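Protein chains in written order, with numbering that gives the first Met the number 0: chain A, 0 to 308; chain B, 0 to 315; chain C, 0 to 444.
Quick caveat, the hints were computed from the structure, so don't treat them as lab data.
These figures come from a predicted structure and were not determined experimentally.
Glycine included, C-beta positions come from ideal geometry on N, C-alpha and C.
Some hints could be false.
[To be verified] Cβ-Cβ distance ranges computed for the label pairs, FRET-style:
hint, chain 1, residue 1, chain 2, residue 2, range
1, A, Thr-195, C, His-97, 22 to 32 Å
2, B, Arg-281, C, Ala-362, 58 to 68 Å
3, B, Asp-98, C, Ala-362, 54 to 64 Å
4, B, Gly-53, C, His-97, 50 to 60 Å
5, A, Thr-299, B, Gln-27, 40 to 50 Å
6, B, Pro-271, C, Ala-362, 50 to 60 Å
[Claimed, not checked] Here are the simulated lysine to aspartate or glutamate pairs, EDC-like style, with alpha carbons at most 20 Å apart:
hint, chain 1, residue 1, chain 2, residue 2
7, C, Lys-20, C, Glu-184
8, C, Lys-330, B, Asp-135
9, C, Lys-398, B, Asp-135
10, A, Lys-192, C, Glu-380
11, A, Lys-297, C, Glu-184
12, C, Lys-365, B, Glu-289
13, C, Lys-330, B, Asp-120
14, B, Lys-209, C, Glu-53
15, C, Lys-398, B, Asp-153
16, C, Lys-302, B, Asp-153
17, C, Lys-440, B, Glu-161
18, C, Lys-96, B, Glu-155
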Amino acid sequence: MRGVIYAMLPALAFSVYTFGLNALLVTLEAVISCVLFEQLINRYLLGRQSSIADGSAIITGMLLAFNVPTNLPLHIIVLGSAVAVGIGKMSFGGLGNNPFNPALVGRVFLLMSFPVQMTSWPTAQGTLIADGTTGATALGLLKDGLRQGEQVSSLMREMPSYAELFFGFQGGSLGEMSAFALLLGLVYMLYRKIITWHVPVSMVATVFLLTAVFWLIDPGKYANPAFHVLTGGVLIGAIFMATDYVTSPFTHKGMIIFGVGIGLITVVIRLFGSYPEGVSFAILIMNAFVPLINRYTKPTRYGAKTVSS
Amino acid sequence: MNAAIIATVLILVTLGAIAAVILYFVSQKFKVKEDPRLAAVTEALPSTNCGGCGLPGCNAFAEALVKADDLAPYHCPVGGNEVMKEVAEILGMEVEERDPYVAVVRCSGSFEARKQTSIYDGAANCTVATALYSGDHGCAYGCVGLGECVDACDFEAMYMDEKTGLPVVIEDKCTACNACVKACPKDILELWPVGRKSQRIYVACKSEEKSGVARQECSVACTGCAKCFDECKYDAVLVENNLATIDFEKCTLCAKCVVVCEANSLKADNVPDKTLEKLLERHKKKLEKEKAERRASKQSDTEDSPVTKTEKDAVR
Amino acid sequence: MLFDNHLKTFSKGGVHPADHKLSAGEGIEELPLPRSVTIPIYQHIGAPPKIVVERGDTVKAGQVIAIHEGFVSANIHSSVSGKVGKIDPVMDSSGYKHIAINIRVKGDDWEETIDRTDTLVTDIPYTASEIVEKVMQAGVVGQGGAAFPSHVKLSVPKGKVVDTLVINGVECEPYLTADHRVMLEKPHEVMIGAQILMKALGVSKAIIAIENNKQDAIQLLSTVAQGFPNITVEALKVQYPQGGERQLIEALLGREVPSGGLPHDVGAIVHNVGTTYSVYLAVQKNQPLVQRVVTVTGKSLKKPSNFLVRMGTPVIDLVTAAGGIPEDTGKVISGGPMMGKALADLKVPITKATSGILVIPEAETKRAETYQCLRCGKCIEACPMGLEPYHLMLLARGKNTDKTKEENILDCMECGSCSFVCPSNRPILDYIRFSKAKLKKAVKE
C-alpha cells in the first residue's frame with residue numbers, strides 16, 4: 000500500500016507547483032477526513048479494531064483530492080470523504096469487500112451534488128501562488144465549443160500545446176493534469192511489481208484507438224487521439240483508479256477485458272454524452288462487472304487440457 | 000394543475016390495478032404444491048440448522064420427515080423427544096423415545112498433566128495442526144487445545160478452560176448435535192447418554208501408547224493396567240491396545256472403578272464427592288487388608304521354608 | 000541471471016524467493032558415525048515393510064532389516080554395523096510416532112557384496128528387469144522429498160509409452176544444495192545412473208535439468224555429457240517450484256500431466272539427481288540406500304555444510320557438526336524453507352527423504368500481521384497449478400469442503416507460493432491444508 004502512496008507523490012508535487020499550496024491543503028484535508036471517518040466508523044459503528052494502519056484510507060483520501068479542483072471548500076471535501084469512506088468502503092465491510100472504488104464513489108457524489116464547484120477549475124499558473132482565476136478544462140472547452148457548432152481545428156487553437164498537456168500546464172483536477180508525473184508513478188509501480196501493465200495499457204490503448212477511428216472519419220467533429228489521452232482523467236484513471244486491487248479483476252485476461260471496457264465507456268461518454276469527461280463513470284460501471292468478469296476468466300488449471308486416462 | 004394531478008393519480012391507480020391482476024394470475028398459475036404438513040413440521044423444529052440430524056438444516060430434515068414412512072431413523076437431537084413427539088403427532092405417526100445424549104471430552108491432559116515439548120505457532124486450528132504433527136506435547140492421541148470444537152458449537156455449550164487447555168462441555172446447553180465430534184481431528188469428543196441423574200463414568204484418555212511411554216507423556220494417561228477391569232463386576236470395562244474403555248450400556252455407575260485408577264484417568268461426571276470418598280476409603284482399607292494378609296502369608300512362608308535370609312541372598 | 004529470458008521455464012505461476020544457497024561452496028563431508036541410529040521403517044510412500052531382525056541381533060551395514068511388502072514399498076537396510084536395540088514407535092520428521100529400529104553402532108563392517116571403492120563402473124551388463132530388481136532390493140526411493148519407491152516409477156504400466164527421462168537437478172528450494180554438490184562431485188556417476196535408468200525404461204533420450212543459478216554444475220555436466228550421447232543438459236530459468244515434477248515436465252517438454260494423472264501419462268519420467276546417484280550405487284556397486292547427502296544450513300549457523308549422512312542419524316548430530324544450534328534459533332526445519340516442515344524434536348532421525356536441515360533465526364519465523372484479502376489476485380498469478388488460492392481459502396474457512404473439491408483443491412501440491420506472495424500475509428496454505436485434511440477424513444469415513 001505504501002508503494003501506491005509513493006507513486007502518487009510526483010503528481011502531488013507537480014500539482015503544488017502549478018496550483019500553489021492549495022493543492023497540498025486540499026490533499027491534507029481529504030486524507031485527514033478519510034482517515035478520521037474510517038477510524039470513527041470502525042470504532043463507533045462497527046465496533047471493530049482500527050484498520051487505518053493498512054493505509055487504504057490515506058490512498059482513498061489522496062485519490063479523492065486528486066479528482067477535485069484545488070479551490071474546493073473544506074466542507075465539500077469532508078462530505079466527499081464521508082461518502083467515499085462511509086458509503087464507498089465501510090458500508091460493504093471495509094477494505095477488500097467494496098465493489099466500487101471508494102474515491103470515485105465520493106468524487107461522483109460530489110460531481111452530482113456540487114456541479115458548479117466541482118467544475119470551476121483554477122487555471123494552471125506554474126507558480127506557487129494561486130491567483131484565483133478559474134476556467135474550464137480542455138475537454139470542457141471542446142465540448143462547449145462543439146455544442147456551439149465550432150470546428151475542432153478552430154477550437155484547438157485555443158488549447159494548450161501537446162507539450163504543455165503532457166507536462167501538465169492545463170486546467171483540471173488536482174492530480175490529473177501532468178501525464179509526465181503520472182507516468183513516473185506508473186513506472187515506479189510497475190518496477191515494484193505493485194501492479195501489472197494489463198489494465199493501464201489496455202484502457203489507454205482502447206481510448207486511443209477508438210478516438211483515432213472517429214478522428215479519421217471526421218477530424219472536424221472529433222479531436223485527435225493524443226489530445227484525448229493527455230487530457231482529463233484517462234491517465235490517472237488508468238494508472239491509479241482502475242488498477243485498484245479490490246475493484247479490478249483477478250486474472251490478466253480479466254484485467255484486459257476490464258481495461259477495454261473502461262476505455263470504451265469513456266470514449267462513448269466523451270464523444271456522445273453530455274458530460275465532457277467520463278472516466279469516473281466508466282470505471283464505476285466496469286467495477287460492477289468485475290464479479291462477472293472474474294467468473295468467466297477463471298485461470299486455466301494445470302493439466303486441465305490433457306485428459307486423464 | 001389539477002388536471003395534471005388527477006391524471007397522474009389515475010394513471011398510477013390503473014397501473015397498480017393491472018399489476019395486481021397480473022400478479023394474481025401468475026401466482027395462481029405458478030403455485031407450488033406443497034404438503035401442508037411441511038409448514039407445520041418446519042414450525043415444530045427448533046430451526047437451529049445445526050445439522051445434528053445428519054441433514055443439511057431444519058428444512059431438509061422437515062422434508063425428509065414428511066416423506067418418511069417410519070420415523071425411527073430420524074431424530075432431532077436439539078429438540079429431543081418433545082419435538083419428535085410433536086412432529087409425530089402432526090404426521091400422525093408413532094415415535095419411540097430416545098435417551099438424551101451429551102458430549103463428553105475423553106482427554107484429561109491438562110497443562111499440568113502433560114509436558115509441553117514444542118511451540119506451535121501455525122494457524123490456530125486443530126485440523127491444520129494435526130495434519131502437520133502430533134501436537135505441542137508428546138501425546139499423539141490427546142487434545143490439541145486449539146478449540147476447533149468450541150468454534151463448531153452453535154449453542155455456546157463449550158468453552159476452552161484457560162487453566163487446563165481443555166474444552167469443557169456445558170451440560171445444560173449441549174444438544175448432542177454431533178458438531179464438535181465431527182470437528183475434532185483426534186476424536187476426543189464422544190456422544191454419551193446423559194445417564195441416570197446425569198451421571199456418567201468414562202475413561203478420559205484415548206492414548207494407546209504402552210504404559211511407560213504413556214505415563215511419560217502425560218501423568219493422567221490410561222496405561223491399560225486393567226485395575227478397573229478387575230474391579231468391574233458388570234463386564235463394562237474393555238481393555239484393548241493399552242487403553243481401557245467403558246461400555247455405557249453395561250455400566251451401572253457404581254463408581255468402584257474410579258477409585259482404583261492410580262492415574263486418575265477415569266472421570267465420574269456428577270457422581271457426588273461423598274460417594275467417591277466413601278468408595279476411596281473402602282478401597283484403601285481393602286488395600287491395607289490385602290497388604291496385611293500378604294505380609295502374614297509371607298511370614299508363614301518363611302516359617303514353613305527353612306531358607307534363611309543369607310541363603311536367599313545367595314540365590315540372588 | 001538477469002539475461003536468462005531465453006531459457007525455458009514453466010508457464011503458469013511461480014515465485015522468486017531469495018535463494019540463500021549458503022552451503023553451495025562446501026564440499027560433501029562424511030559425518031562421523033553416530034553412537035546409535037534410529038531407522039524408521041516407514042520412510043517412503045506406500046506400504047510399510049516387514050521387520051526381519053529382532054532385538055539383540057548383530058547386523059552389518061547394508062544388511063536388510065525390513066523387507067518390502069507389496070510392490071509399492073521399499074526395503075530398509077541397516078546403515079551401520081552393530082547390535083539391534085529397541086524396536087519401538089519413535090517420533091520422526093512427520094511429527095508422529097512410527098515404528099523404528101534402534102541400532103547401537105559397533106565398528107563399521109559392511110556386507111561383503113558391497114563395493115565401497117570410488118572406481119567408476121561404466122559397463123551396464125544388466126537387462127531392464129534386472130535393473131528394476133536391483134533398484135528394488137537396494138530400497139531406492141525418490142530423494143527429492145516425496146520418497147516414492149523408484150522401482151515403481153521404473154515399471155511403466157502396459158499401454159503407456161515413455162520417451163523421455165528427466166533428471167531433476169533443479170533444486171528450486173532456497174538454501175538447499177545437496178543435489179548441487181552431488182552433481183559437482185559425482186558427475187560421471189550421475190551420468191551412468193541416468194544411462195541405467197534409460198536402459199530400465201527403454202528410452203533413448205534423457206535431459207538433465209538444472210536451474211541457471213548453478214552455473215558450475217551446468218558447465219561441468221555439459222562437458223561430461225559430451226561423452227554420453229542421448230543425454231543433454233538443459234539450463235532452466237530460476238523459478239520456484241520448478242522442481243515439482245509437473246512443472247518440470249511442462250518447462251522442458253511443454254506437456255501437461257493431466258489432473259490426477261502421473262508423468263508417464265504424457266511420456267515422461269522424472270528422477271531426482273540424488274536418486275540417480277543412488278541408482279548408480281545400487282546397480283553398479285551393490286550399495287543399498289543407506290546414506291545420503293544432507294544440507295545443513297541457516298543464516299546464523301557457524302558452518303553451513305553438506306554432509307554424507309547414514310540413515311537414522313539424529314538431526315542434532317548434524318547441527319552440532321555444523322557448529323551447534325545458534326542462540327537465536329526459532330525453528331529447525333526438515334527440508335527447504337518453502338515446503339519443509341518444522342521439527343518438534345531434534346532427536347528425530349535423518350531418513351531417505353531428508354534433503355536438508357534448515358536452522359532459522361527466531362526473528363524470521365514470526366508470522367507477520369494479517370490483513371483483509373485485497374482481492375489483488377497475486378495468489379492466482381503465483382499458483383503453478385492454475386488454482387484460485389484466495390477462493391479456496393474462503394471456502395475452507397467457511398467449511399465448504401465439498402465446494403473446495405469442485406474447485407480442484409486436490410490438485411494443490413502445497414508449494415506455498417500463494418502464502419509467499421500474499422501482500423496481506425494471509426495464511427492461505429494453512430486453510431487449504433485444513434480443507435484437504437477434512438476431505439481426506441471424509442474419504443476415510
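Outcome of the hint check:
About 46 Å separates the C-beta atoms of Thr-195/A and His-97/C, a value inconsistent with the hinted range of 22 to 32 Å. In this structure, Arg-281/B and Ala-362/C meet the distance hint of 58 to 68 Å, their C-beta atoms being roughly 60 Å apart. The beta-carbon spacing between Asp-98/B and Ala-362/C, approximately 56 Å, falls within the hinted interval of 54 to 64 Å. A C-beta distance of roughly 35 Å is found between Gly-53/B and His-97/C, which places it outside the suggested range of 50 to 60 Å.
Taking 40 to 50 Å as the suggested C-beta distance range, the pair Thr-299/A and Gln-27/B conforms, at roughly 48 Å. Between Pro-271/B and Ala-362/C, the C-beta spacing of about 54 Å keeps the proposed range 50 to 60 Å intact. Taken as a hint, the Lys-20/C and Glu-184/C pair is honoured in the structure, with Cα atoms around 17 Å apart against an allowance of 20 Å. Between Lys-330/C and Asp-135/B the CA atoms are separated by roughly 14 Å; this keeps the pair inside 20 Å, and the hint holds.
The suggested pairing of Lys-398/C with Asp-135/B is violated, with an alpha-carbon distance near 25 Å, which exceeds 20 Å. Taking the CA atoms of Lys-192/A and Glu-380/C, the gap is about 12 Å. The hint holds against a cut of 20 Å. Of the pairs offered as hints, the one joining Lys-297/A and Glu-184/C is violated, with about 46 Å between alpha carbons and a cut-off of 20 Å exceeded. Only pairs whose Cα atoms come within 20 Å are accepted, and Lys-365/C paired with Glu-289/B is rejected, the gap being roughly 58 Å.
As the CA atoms of Lys-330/C and Asp-120/B are separated by approximately 11 Å, the hinted pair is consistent with the 20 Å bound. Taken as a hint, the Lys-209/B and Glu-53/C pair is honoured in the structure, with Cα atoms around 19 Å apart against an allowance of 20 Å. Between Lys-398/C and Asp-153/B the alpha-carbon distance is near 14 Å, which keeps this suggested pair within the 20 Å criterion. This hinted pair does not check out: Lys-302/C and Asp-153/B have alpha carbons roughly 54 Å apart, beyond 20 Å.
A threshold of 20 Å between alpha carbons decides the hint, and for Lys-440/C with Glu-161/B the separation of about 29 Å lies outside it, so the pair is violated. The suggested pairing of Lys-96/C with Glu-155/B is violated, with an alpha-carbon distance near 35 Å, which exceeds 20 Å.
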